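Engineer: Sequence:
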Amino acid sequence: MYEFINKRSVLIFLVALLVVSSLGYTLFVYQDLCVAKKTIASYHRNEKILNFTNLLIDKVIRADREVSFEDRLALENSIREIKDDDIFRLWQQFVDAKTEFDAQQMLEELLDVLAGKISY
4 MYEFINKRSV
14 LIFLVALLVV
24 SSLGYTLFVY
34 QDLCVAKKTI
44 ASYHRNEKIL
54 NFTNLLIDKV
64 IRADREVSFE
74 DRLALENSIR
84 EIKDDDIFRL
94 WQQFVDAKTE
104 FDAQQMLEEL
114 LDVLAGKISY
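Numbering (this note's numbering), first residue to last: 4 to 123.
Derived by calculation from the structure, the hints in this document are not laboratory data. Values in this document were obtained by computation on a predicted structure and should not be read as measured data. Glycine included, C-beta positions come from ideal geometry on N, C-alpha and C. Just to be clear, a hint being listed does not mean it is correct.
To be verified - Listed next, the in silico BS3-like pairs over lysine-lysine satisfying Cα-Cα at most 27 Å (straight line):
(1) 41 / 101
(2) 40 / 101
(3) 101 / 86
(4) 51 / 62
(5) 40 / 51
(6) 41 / 86
(7) 40 / 62
(8) 40 / 86
(9) 40 / 120
(10) 10 / 62
(11) 51 / 41
(12) 86 / 51
(13) 51 / 120
(14) 86 / 62
Stated by the list, open to error - Label pairs and their in silico Cβ distance ranges:
(15) 42 / 73: 13 to 23 Å
(16) 15 / 43: 33 to 43 Å
(17) 53 / 29: 41 to 51 Å
(18) 104 / 49: 51 to 61 Å
(19) 123 / 58: 36 to 46 Å
With these hints in hand, go ahead and build the complete structure from the sequences.
Structural biologist: Written as structure tokens, this is what we have:
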């Protein structure tokens, strides 16, 4: 009789240990998954910011002529993909600048904010 109770107790203990360890492992994997999702989201955001920045440098800063309609459209679409209010607001201020000096000031501020928004 004692042998049956001991075997049963050991079996219950082992099953409980297995359940607890499975829950612990599941929690560990879930935390890793959350970190991975944040990392991937950060990567995609950085990629969009860098794509826009490269496009801005190529089509506006290094331009030897007036920016074409197609280039402006590509820049506008690229800035909207970032989905950041601060960046979009600065972009609008840059586009709406009345003088070349104002445009240069806004461009400097825009580039500064773009660089600051990239996360490591």
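Engineer: Please go over all the hints and tell whether each is borne out by the structure.
Structural biologist: The hints, checked one at a time:
1. 41 / 101: 40 Å, violated
2. 40 / 101: 42 Å, violated
3. 101 / 86: At roughly 25 Å apart (the allowed maximum being 27 Å), residue 86 and residue 101 satisfy the hint.
4. 51 / 62: Judged against 27 Å, a Cα distance of about 16 Å means the pair holds.
5. 40 / 51: Roughly 17 Å separates the two Cα atoms, so the pair holds.
6. 41 / 86: Distance of about 16 Å is within 27 Å: holds.
7. 40 / 62: 33 Å, violated
8. 40 / 86: Holds - the C-alpha atoms of residue 86 and residue 40 are around 18 Å apart, at most 27 Å.
9. 40 / 120: 18 Å, holds
10. 10 / 62: Status violated; Cα separation ~77 Å.
11. 51 / 41: It holds: about 15 Å lies between the C-alpha atoms, which stays within 27 Å.
12. 86 / 51: Within the cut-off at roughly 9 Å; holds.
13. 51 / 120: Holds, at about 11 Å.
14. 86 / 62: 21 Å, holds
15. 42 / 73: 13 to 23 Å: Check failed, 34 Å falls outside 13 to 23 Å.
16. 15 / 43: 33 to 43 Å: 42 Å, holds
17. 53 / 29: 41 to 51 Å: 36 Å, violated
18. 104 / 49: 51 to 61 Å: 31 Å, violated
19. 123 / 58: 36 to 46 Å: Violated: the Cβ-Cβ distance is about 22 Å, outside 36 to 46 Å.
Violation of the numbered hints given earlier is confined to hints 1, 2, 7, 10, 15, 17, 18, 19; the remaining hints are satisfied by the structure.
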